[in-house]
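S.K.: Residue numbers (the numbering used here), protein chains in the order written: chain A, 1 to 875; chain B, 1 to 224; chain C, 1 to 365.
It should be emphasised that the hints constitute simulated quantities derived from the structure, not laboratory data.
Warning: the hint list may mix true and false statements.
[To be verified] Result set (DSBU-like, lysine-lysine): computed pairs, CA atoms no more than 35 angstroms apart in a straight line:
(1) B:125 <-> A:306
(2) A:575 <-> A:546
(3) A:652 <-> A:546
(4) A:630 <-> A:665
(5) B:173 <-> A:783
(6) A:326 <-> B:122
(7) A:306 <-> B:2
(8) A:575 <-> A:630
(9) A:306 <-> B:81
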Amino acid sequence: MPAATETVDATSWLWSHIVWRHWLREWKLTIVLLLIIALGVAVFLSIRLANKAAVSGFGMFTESVSGESDFQLRPSAGLIPNRSLRDLRHRLGSLPVGLFPVVETTGVIAGDDERLVRVIGLDLVAMQNAVNYAGGISGPQSNAQREAVGPTFLNTDTLVFSGDAFSQSRGISAGDELTLLFGDREVTVEMGGILAENPNLPSIPENLVLVDLPSLQQLTDMSGVSRIEVRFPEGAFRTEVEFDASEILDAIAEENGWLLETPEQRKESVTQMSAAFRLNLTILSGLALLVGTYLIMQAMEAAVIKRRAEMAVLRSLGVTPLEIRKSWVVEGLAIGMMGSVLGVVIGFGLAQGMVGAIGRTVNTLYYETTSNAIRLELGEILFSMGFGVLASLVAVLIPARDAALTPPAQMMRRGAPGGGLLLLRQRWLGIAVILAGLASSLIPPWVIKSGPAVPIGGYMAAVFMVVGGSILIGVFFRPVSRAMRQIGGRREARSRYAASQLARPAGRHLLTAAGLAVAIGMSAAMGILVASFESTLTAWIQQILKADLYVSGGGNSSVDNRSSLAFDTWQRIEKMPGVSGVDVLRQYRFTLDGKDTVLGASDYSDDLDRTLQMVWLDAPRDTSEKNLLKLFDDKTPAWISESFSRRFAVTKGDSLTLPTPAGPKSLSITGLYADYGNEAGMLVVHRNFTRDWFSDDSITNMALYLEAGSDPEELAKTIRSTFPSLKVQTNRRLREDSLRIFHQTFAVTYALEGIAVLIAVSGLGLALAGLLIERKEELITLKSLGSTRKEIASGAMLEGLGIAVVGLIGGFLISFALGWVLIEVINPQSFGWTLTYRVPWTMFGVLALITLVTAAAVAYLVGYRNAEVKSDRED
Amino acid sequence: MKALQVSRLTKSYGSVPILKEVSLTLDCGERVALMGPSGSGKSTLLNCIGGIDRPDGGSIQVGQVDLGALDEDGLCHLRRKTVSTVFQFFHLLPTLSVRENIEFPLHLRGVEATERLERVEKLIKEVGVESRSEAYPHELSGGEMQRVAIARALSIRPRMILADEPTGNLDSKTGEAILDLLETLSDRHETAMLMVTHSREVTRICSRVVEMRDGRLLEEDIAV
Amino acid sequence: MIKTWIVGLIGLLELNGLGYAREWSVPDATTRLTFPRDHGSHADFKIEWWYVTGHLEGKERRFGFQATFFRLGQRPGNLESGSFRSDQIFMTHMGISDPDNGSFLHEERLNRDGWDAFSSDEDLDMRNGNWTLKRDSEVLRLIGGVGADAGFELEMKPTKGPVIFGEDGISRKGPEGTAASYYITFPRLMVSGRLRINGDEFSVTGSGWMDHEISSSQLDRSQTGWNWACLQFNDGREIMGYVLRTEDGGYSSYSKLVWVDGEGNLTHQTLRDYDWIQDGAWISPDTGATYPTSPEIHPMDPATGERRRFKLIPTMSEQEMAAGAGGVTYWEGACDILDLDQGEVVGKAFLEMTGYADDIAEKLR
């Protein structure tokens, strides 16, 4: 009889008759185990899905109504003037190339909070031709189009269209009137119809408003288009057309300082901006799974110990160590699989909630995007499940080895401590790992082809710090034990018993404390990051927000808000009684080296102390208006923000060429300042220059300084009643607003922290249960010596507290190191923000309190339950 | 042929010698009681013979197999085919029913289903647990558990059964019944039996009693 | 000719009859057309088109082509300026038949007046995307194509004309005075140029026909469609003829047939002088419409005073222009002219049939 079949038979038999039945019997534990894995996988998957969905919406505004283009032709800054369109067609000659101009702007719907809507202008007549080009569809179809009697977009400029989502969420249906605010303009338009969804295209974003292009130009007083979508028809000589046309378009782009990109390139270059942020989230979510791994390891270790006698019996009946090991590994895999499947389900649900939060952050910090419906992709599912299964496999390998290798004779002696996780006893290893962490923090970031910088070294350092810290955790057991003995006093038997357990920590103690430390370390480190961020930001806001009132177009504070105030408007505000001075800022979005960024222009009047307040990192020799006005080597002087400096690798003293509608301009960088409000970076010049370059005297926002004695609230009221579409904020309000946005940014991080602590505390419960089961004999002895159930329970509670204290100490130490890595390595490398390190002691206190209370409660309960042993009979 | 030949067996844990040149021989079908105070080395001897523990020196031969020549897998096969153990605490597998506990070693040996069924049915009858065959260990009394453990030990038709305090955890009346059962079955199946015990009662079914003290064997014949 | 029907079919174009008569101009017999100005655009008329068809030969292969530029006025007058105008829409149809390969390619393009589509009001000069039609001293130049499957650049030299149909210079389609057009035609163009189709390239020569029709309404409510053809005979003469089908299954008395002799002199005929017998039944796989693709036309020959019997034989059956966003489906195709008495081919023709796809007729009433 071949040995192989025997083995296979034995393993599967063990599985179906022993492992499986254990699970059924201890279904509560099984569920907890599955949930731990599920939660880990869920967090990981949901973050990945939500990340994808949150940014996948970018660029789909036009795609969703007209299909995808072959190329986009867009200006580096400003608009493509209408008059260039005809010339473009002439240059292309007889080549059958579809040119679809697009006007894109943002607006706000009155009475709709400050939700920014993306307003797209397409030539609705020409869009009917889209069907004739590759990837095109039969133009936007509106359910109102066929009812041609009455107003059509051809005879009125005030018809807008939207998708069903827009109409549903705002309760606006065809025929309804609505007021659109474009900066200082307020226009009343009519919902002309609801666009039909095309099953082959991304769904129409909830914040999309479609307007016939000339109408939108009319409504917003634009005389150019934001970009031109270029499409080639299908057919036998398509490649030739594509080749010839690309050559011509390239030349045109070159001449005008425009950019010719495929939609993919465009999408990539934009979404790259938030790549670092999203990568950070993914890695954080991966760490949640790491904590989960620790927990599974604990649970498996507990199961091994619990079933040690059984293992011995199996061995005595002739089951080989390999078979035993296999059955454990299979058990781990099965738990990993089932937990992962569950995790996918939970994760899918979780992602729905998260996509909003991530989307808000991306909108606030990077670019306007819409969140798409979460799409459950097979690849993502398999990746996350693989991660979950791998984690549980790693978790079970060491316990399985323990189970298989412990000699049966030793196992027969019940309760003998297992070999345990020897690794956790290797102090030198812990020190070596931490040193490796320090070393890897020096590794420079990895830059993905002019895209985001990935702080590889930083992440490696973070992982090393966490792992190293958790290995070294054992050193705290002895002091904690000693402290407990002292606090408890000599007479207190329970604390002495607990202290004695802690003095000689079992592998399980170490593992539990390590898991707890990892979770707490991560949460606390995030706390440090957020606190550092917050204090830096608050200080910065204090410094820069000194005016009494701030006026801007409507809409939220997205960097992509394109509203503006016309010259007349802001002039009138400036002349209002009570205003002693103003600072104005004009922002232009432009593209440099293929990356989107912002050009700021201000008047920087030296008047009094009112210059736009700046926090200098590398100040110009002279921060007065003169510095920005005087040409420097015939170059326009400019100041740049820290993010700009990082993204374009330039600093004070460097020169760069700025594309403008008036042609390329040479700039000389004379100062570097801190700006935490905009990750795209900002380049600042004097408004005298941009007025000429962009032939534009409108502004994006203005800061008002009031005469002594005037009431800012009064003036705000006056401005609001004169210009109802403007957003007027007092200094206080704006500060609050800034901090609110900031907290929004970290919404997802807070959730992740909570989950990590939740996982860690449930791990503590599991671990204590394991410990007590392992010590059943001792418990019997304690009982026979007259200990009551409550006493045993409170002993367990003290022991649990001891472990929690060790976990806390280790966790906080890990968090200091991790926080340092986050703030000094990862953050500057991936975001380009210099932060001051700050520890949120209050948060630490709360975290410690929660952990201790939960640990005590869980430990007491577990102790109470496990004290229920009958000393007269073994099971 | 002898069922068991142990010669000059030595074993120590650390620096503490447990077995000191122990020699013992069992004939086929012979039942021998192994007595002695706690810590005298009885269980260690039993573990060595069962291949659960490894001796430091000397040799053990079960039937024609020299245990010293076997690797870990070999020892496993020995336990699957030749030597069974009956424990004081029964050590039934808690997740298996009575029938499955008895059947389990046959699974490990890869015995074919029909034969397995036949053997198990027969053993269930022989040990008298027909009415409890679908019960689980925690539903059984101590005596019933030991009956099942004995049936499990016999299922592989071992050359020898090692019993560690088989009645040690049973009341005297049940213990009696178990001893009767062991006697009957070992006679019927011609299985040699080495029983570690503190109880003089046990010796009544044995042809010999050997006593162990401080790792040495003091042989003592008894008349039954 | 079909072209009237288009107006108002797509929701984005203003429905016909919505108070047109107040502002849109109506053809007037007292107005004398002047050229080249009247080859150009007439913004005060609601509907205008420049219709070019022809037969091409190259490398012993034969092709038919259609290129029609429609101008659909949305508001009378020429008030707007700018790159995106809403007062006129241009719709262009292109069709190319390649009977040897059994392939018929067609494309429709809609554009508002402005940067990508326009027509001059001084001379023949128009564009819709990359498609252009313009006069270049003695020749007309046409650039057209279908997707990236076909493309042509043609030089077309008129051998006579232009001729203006209608006895008083006005082509009338119904009893109301408004249902009339200026109908300017180059009945024979000598065509040469280059054609690329389905991966092959040809140097082509052939003959073409061009209509330019200007009106504000041609619709008669009882009409359900029409059958129209232009015939070019090998003897140097041409026929432009049509029947307007009425709801009762007959032909409207405004149906016309006009002979053009070698010098460009016209002979106008009514249904008394010619018969139009519908024959053939090709069922469109796209729309399900059944077209009588091989009609017989029996006109009185003004040269001899005798009845002739011509039968049009399409070079291929599938020459249907299925509706795009423009919303009109019709059959427009190249044919040979078979003289049934002589039993030989005596020329080439283009045949047009409208109102056969159900939805159109319904919408029109």
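S.K.: Run the structure past the numbered hints and jot down the numbers of the failing ones, going up.
M.R.: 7
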